[in-house]
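Could you build the full structure based on these sequences and the hints that come with them?
Every number in this note's numbering is 66 more than the matching position in the sequence shown, counting from 1.
To be clear, the hints were calculated from the coordinates, so they are not data collected in a lab.
Hints are supplied without guarantee of correctness; some may be wrong.
[To be verified] Calculated pairs, DSS-like style, for lysine-lysine (alpha carbon to alpha carbon, straight line, at most 27 Å):
id, residue 1, residue 2
1, Lys711, Lys646
2, Lys962, Lys991
3, Lys829, Lys758
4, Lys474, Lys486
5, Lys474, Lys577
6, Lys902, Lys983
7, Lys577, Lys486
8, Lys711, Lys829
9, Lys474, Lys612
10, Lys450, Lys577
11, Lys665, Lys648
12, Lys450, Lys486
13, Lys612, Lys486
14, Lys711, Lys665
All figures in this text were calculated on a predicted structure; none of them were measured in a lab.
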Amino acid sequence: MAKYKKNILQQLPFNHAYGQLVLLIFIPITILAMVGTYFILKETRQSAQQQQHYAAITILTRYQHSAQLLFETIEKKPTLNSQAQSILQRMLSDPQLQRVALVNQSNHVILSIGNRNNLSWPTLSSSSRFVGPIPNHGNSIYAQQFTSNHTGQQGWLVISLDNKPLELAHYHILIAILITTFITLLLLMMCLNFYSRRWVAPLYEIRMQLQRVHADNLNEPITSQSSSELQLLEKDLEHTFERLHYSFLELRDHTEQTEDDLRRTLDTLEMQNITYRQARDQAVSANQSKSVFLANISHELRTPLNSIDGFIHLMLRQSNLTNDQNLYLQTIRKSSAHLLALINDVLDFSKIDAGKLELEMASFDLEETMFDVMDMLSPLAAEKNIYMAFFFAPELPQRVVGDPLRFKQILTNLISNAIKFTASGEIIVHSQLQSADHRQCHIYFSVQDSGIGVHETDQKKLFDSFSQVDTSITRQFGGTGLGLAISKQLVQMMHGEIGFEDNQGKTTPEKGSTFWFTAQFEIEQATQHTEDLSNIHVVSFISHLKTAYILNQYLNNDHIHHQASSSILDLFSRLNQLPKHKNTWVIVDHGGDTHTLLKEIRSRYQGNLAIYGYQMSLEPNVLADYDATPLYQPLSRHALLQTLKNQKINTPNHKQQTFDGQGLHILAVDDHLPNLIVLEALLGELKVKTTKALSGQDALNLIKQHWQQNTPFDLVFMDIQMPVMSGIDTTRAIRSLESTTENTTILPIIALTAHALSDEKEKLLTVGMNDYVTKPIQIEQLIHILTTWTNNHRFEQKHPHTNMQRDQNIDINILDWAQSVKLAANKEELAIDLIKMLIDSFDTEINEMHSLIELEDFPQLEHVLHRLYGATRYVGTIRLQEVTGDFEQFISTLRKQQRKADQRFIEETLERFNELKQVIEQTRKAAQHQIHKI
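Below is the structure:
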């Protein structure tokens, strides 16, 4: 209906001048006519009713006396009723009078006469002497009261007047109004016709001619039957069109000229594009050549460095070295490490520039990782007598998931820069929680130093590649200028930011500068074991204020009673009052003369004592003489608590000392003989027998020979870049040879290379290699490789508390307990905790995935699968890891292909979910069986 009305309104010509003129004239006139008619009819009706009212008063007044006499006569002699009727009959001579009646005070009609006498009379009220008009059957009733002189009774003379004269007068007025309205409309139509012919019609003609105007007839005149102002308008339009015509001619000429110029410009641009494409192809080719060059130069540089580092390691283990020889070797080792760091910076920058650098996610202890970096750099700070302090906020998660190696690289760059540019003073590393939810957290890290600072003009190029603040600093302090640039890229990959603050701009001005960065990590829901340490009492004196503040914060967070001394004399005064108790500790700052300090303390106090200072500044013999425990700078919360609980700190090299590789036979393949000598010497220290091969063909011959003798190698270390037959070609040949023999044992092949690109490892694994080791090789790497890829039970026997035996009733693909313990750093208790946490999460994960599949929330399902897949990486559940990883990859196709889930996709999702539930149940049973057995 609404659409129909809209079409009608569109068809009406009210949007034109004529239609609007009609509306503007007729609407006001119609409104005025209707209002005037209403008031006229109203006034004429009231006037006619007023005249009737006066006529009724006149008639009633004229016949009141006669009506009174008739009333008295009828009261005396009712038999005279017929004579009274004849008297009332004379009253009907008035043309408007229809009926007459005498009514007593009880509203009883005594006498009635007239037309339609059979009609009833209305009831009269005695409160007024005159009543009327009262509508009654199309007439008007009027009545006047009178009183009898003889009896005093009251009566009414009632008359009925005809209303037809009123209606006739109303119709006469209405007809007159209609005639007047009709005549007015005729006059208006005549005026509109005149207006239309004089104004509207010429406008329409002009409009039609304007619609026919185009570029070719702009100079034609406009003809219409118009006059006065419209004629002037036509002339103005003709002049305008004439000017437009000449302007159009000029524009057309200019356009033709512009087209010619544009055509020549496009030809020039096409030639430039060809040149640019050639330059781009050359740049792409140069970039590829650079990547290949970096891969090659990486191998060529690391190959001699591997030999140098290996021989230095072997020489330093000799016990008959003189002091000068030891100094020379240490100098060579530091120079080699410095050169290797420079190479690593250039290669990392190349990875980032090529977009090949990827983060490798793993679970790690955040506080321990940060302390490892500071502990590694503490000798550099100790040489310059710089205080180092490290504060780990209590609200930070203990374990997170991220790339620990790259996180260490960022922190190492910032702290080493702070040490490099700080002559004296302090370096404070601070960490605090920026934001967190139940899955992720953003953490803020800062490194504050009291060094030379950075000039305001040099701050903008701090994070630029191959740049330092000025050339003089480059000569004085060295460096490639890549550290901050690489750190910036790594921070951005960790979804964070990096920045710089000048300490001079702070509210409390200090020397130096502060570098800060933020990083995003996943929170690992690890069980926090809290221990009541409120029974420990500590008295301390630390001269460095910020270290003292950090010590106080750590102790207060663990509810340890702590008293801080303001000076060494204050500490001495407190010592006499301290009891010799196992839970009472004194922590004092190393003041230079350790012997004198300990002697003074022991003369006053014989209880637990800890000396705080750099490891190289504390003499173990002096500490042992006075029964003092070292507490190394920078202060670690773990080391502090272990010291206060009288626990020994684990040595980092215990694995190296306990490994026994006797009985293992390793094939080392490298075209560089010094590398083979170094590798043979390092393996010899682990009691591993080594056979050398200088080419891939020699390696193949040796492998065939030992297979024929039924004495196969346990593992192969394979160099990648070799002449004639590369390591990749040799590996393919070995795998092909394995497929043609009856030997079912796969020979582990470990790549020895220094390639820079992130996809190199995937490429090596694709061609058949089992693992990847970067040169120069460290003995810790060798131990890790040997324990991972060989069946070496001698190393397992060095850990008697680790149950490495596999249950024959448990499928190794469902639960490999030996692998679980190995992934838990060979700590069986930690492996048990990890497997318990995994199976405890199964029910929650299954219910959540079931709900997400019903809701078809596949992005969230992908996240849940990724979380479960990450948890399986830290335990030996091979089958569960494969099924979860494949399921996650299948769900991720929706996001990668940007499409919606169809019925086939949902059905396959349900099939994969059912398979995952079966594997989860198998894993649960195997884990519970293993835990119960232990």
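Pair hint outcome, Lys711 versus Lys665 [Cα-Cα no greater than 27 Å]: The hint holds at about 24 Å.
Given pair status - Lys991, Lys962, alpha carbons within 27 Å: Not OK: Lys962 and Lys991 at ~36 Å, beyond 27 Å, violated.
Straight-line alpha-carbon gap Lys450 to Lys486, limit 27 Å: 10 Å, holds
Straight-line alpha-carbon gap Lys577 to Lys486, limit 27 Å: Measuring from Cα to Cα gives roughly 15 Å; hence the hint holds.
Agreement of Lys829 and Lys758 with the hint, judged by alpha carbon distance not exceeding 27 Å: 25 Å, holds
Restraint status (C-alpha distance of Lys474 to Lys612 at most 27 Å): 23 Å, holds
Lys474 paired with Lys577 [C-alpha distance capped at 27 Å]: With a Cα-Cα distance of about 26 Å, the restraint between Lys474 and Lys577 holds, given a limit of 27 Å.
Satisfaction of hint between Lys577 and Lys450, Cα-Cα up to 27 Å: 17 Å, holds
Given hint Lys829 paired with Lys711 - CA-CA distance at most 27 Å: 49 Å, violated
Pair hint outcome, Lys665 versus Lys648 [Cα-Cα no greater than 27 Å]: Holds. Lys665 to Lys648 sits at ~20 Å (cutoff 27 Å).
27 Å limit on alpha-carbon distance, applied to hinted pair Lys711 and Lys646: Cα-Cα ~15 Å, so holds.
Restraint check for Lys612 with Lys486, where alpha carbons must lie at most 27 Å apart: 21 Å, holds
In summary, the numbered hints that this structure violates are 2, 8.
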